[in-house]
Amino acid sequence: MKDPTRREFLWTSGLGLLAAGCAPTVADYAQKSGRRVVVIGGGWGGATAAKYVRLADPSIEVVLLEPNKQFVSCPFSNLVLSGVRTIDSITFGYDRLRAHGVRVLHDTATAIEPDAKRVRVGNDSLPYDRLIVSPGVEFQWEQVEGLAAAQDRVLHAWKAGPQTVELARQLQAMPDGGVFVLTIPPAAYRCPPGPYERTCQVAWYLKNNKPKSKLIVLDANPNIISKTALFRAAWASYPNIEYRGSNKVVKVDPGTREVTTELGDKVKYDVLNLIPPQRAGTIAVSADLVGADKRWCEVNHLTYESVKHKNIHVIGDSTIGLPVPKSGNIANAMGKISALAVVSLLSDKPVPPMAPGNTCYSWVSDREAIAVVNAYKIEGGKVVQIEQKLTPGQSEMWAQNAVGWATSIWQDMLG
Amino acid sequence: MERDKVMPIALISLLLLALTGTAEAGPLDGPGAPTAVICSACHGFAGQSQSNTMPILAGMAPWYFKKAIQDFAAGKRTSPEMEPYAKQVVQFGLDDVAAYFAAQKRTVTPVTSDPAAIERGRAAAAQCTLCHGASGKGDPAKGVPDLTGQPPGYLKSQMLLFKADKRSPGDAQLKVVKVLMATIPDEQLADLAAYWSSVR
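Line by line, the protein sequences are chains Z and E.
Numbering of the first sequence is given in the numbering used here, commencing with residue 1 and proceeding in unit increments.
Numbering of the second sequence is given in the numbering used here, commencing with residue 1001 and proceeding in unit increments.
Please keep in mind that the hints were generated in silico from the structure rather than gathered at the bench.
Glycine included, C-beta positions come from ideal geometry on N, C-alpha and C.
Hints are supplied without guarantee of correctness; some may be wrong.
Said to hold, decoys possible - A few chain Z residues that don't get close to chain E, going by computed Cβ distances all over 10 Å:
1) E138
2) A229
3) K377
Stated by the list, open to error - Calculated lysine-lysine pairs in the DSSO-like style (CA-CA distance at most 30 Å, straight line):
4) E:K1066 <-> Z:K377
5) E:K1076 <-> Z:K389
6) Z:K389 <-> E:K1178
7) Z:K382 <-> E:K1163
8) Z:K389 <-> E:K1137
9) E:K1067 <-> Z:K377
10) Z:K251 <-> E:K1142
11) Z:K308 <-> E:K1166
12) Z:K377 <-> E:K1163
13) Z:K389 <-> E:K1175
14) E:K1163 <-> Z:K389
15) E:K1175 <-> E:K1076
16) E:K1076 <-> Z:K377
17) E:K1105 <-> Z:K377
All chains should be modelled from the sequences, with the hints used to inform the complete structure.
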């Protein structure tokens, strides 16, 4: 074995880069020496996939592209709105992934070249043997008139981070007697119960801090689409909620501070939280991974390989066709399943049949939660649901379990 | 960078890598592993739970793991979280998953308890040792499980479920433990949980 050059040594030692104080760039990975998996997106799916490829086979090089230097959890972020948790308590770094040998690059994939098996990042490119794409969701700004031009003022807070903090600030600054309007897009969107949990958290905050205020929920769907009876029961404690189903918002005017529904109703607000309609993350659309609907990506249920492009696997909220919700827990499971599938395929071994699972807690106050759990099997090469189970009510015990779940799964992704 | 500065950095790199490397990386190629990794979302990688509420599965005796899964799947041990997952484990192969967790290195919970609570629990622990043994490691022949090293929150929640007869209601084998739990104040249950969690 020849002596490694200084450059080779620093790259292969991983942490040598940190010790040397120089962050790696895409150009440093323009050539690959062995088998390489590139992962696009360091969220619930991508971070998990990157870690589990390394756990399953440390001889495979893994490069993770994630523009953000810190991960902020969407689950539990509704508690930041109500002031029950801080944003810091749901924010994590990527250093432990680096310790697993994942090359984390804080950059954005600009294109995928399936034939050349390369990811382009600006003028540079990353060759891969297998690519895992986990880009989350992108907003369809154009679906709501006036929204594209007002992106900086009309908050979604549907990707946890600065918007979460700003929406919490606006809620706290709203005068008692003010109207908070929350709008919910038509399914499918990220985290089906999320808007209804947010309804609980905003209503809980208002009830305790601004008792003359009102929360108007304009839902494009005809009814609550997840944990329906449990949320209805929880809302009995919040007479400040005015829920309007089948009220799709089609226009926003930040000047007059009003939204317009499909039915032509105009609703005035003091604080607005408009959750826009969604599709797969931009790279999935530009790389032609989405189906005829131009929104979501269809995949093989055993390997998560795209039905449109070979050697490219799509996981998480961007996928469609499996009987699973767009949840963090599902993305985490898809990360592991796709990782083990990719390792098997790169080693010419059979792909083990694996099914995801879903555990989803929703906080209905500062101390009580509800949950839904889904289990799955593989039948005829497809993911099929075995059972869905709901908690019989809300309780502090489910909330304690929710904390346990979050502690564990954040560790599973990034620890 | 000067060449004479490279080697010290390289040595530091190696040292850092040795200290922070993939120490927890376990085998993922056993027949139960593909199903077991789904469990790790809540129970930690290789069943080494990091939270206060989820039990550690690493190193768990197969007889106890299988009984728990079978009872959850049958709805006998009621849990809206575990019943669906138990059915999924049964679907993919209970024996393989039990063998996988039994083969993992047993760790103890990283959750620590108040030393005073541990001492109070130690003083009251004799009532547990009659069945679970002085070591708290249990007795497989009698179907009595190991209490040691589990998260205190998990141990306490199970004792409260026994006390309220909400864990496996009607299970004749559990009658004795439920009668006992009914005599213990909730605060002492917390102390006992702290103690058994601390036992190695």
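We went through each hint and held it up to the structure:
no.	hint	verdict
1	E138	holds (26 Å)
2	A229	holds (14 Å)
3	K377	violated (5 Å)
4	E:K1066 <-> Z:K377	holds (19 Å)
5	E:K1076 <-> Z:K389	holds (15 Å)
6	Z:K389 <-> E:K1178	holds (27 Å)
7	Z:K382 <-> E:K1163	violated (43 Å)
8	Z:K389 <-> E:K1137	violated (33 Å)
9	E:K1067 <-> Z:K377	holds (21 Å)
10	Z:K251 <-> E:K1142	violated (68 Å)
11	Z:K308 <-> E:K1166	violated (50 Å)
12	Z:K377 <-> E:K1163	violated (35 Å)
13	Z:K389 <-> E:K1175	holds (28 Å)
14	E:K1163 <-> Z:K389	holds (25 Å)
15	E:K1175 <-> E:K1076	holds (14 Å)
16	E:K1076 <-> Z:K377	holds (22 Å)
17	E:K1105 <-> Z:K377	holds (28 Å)
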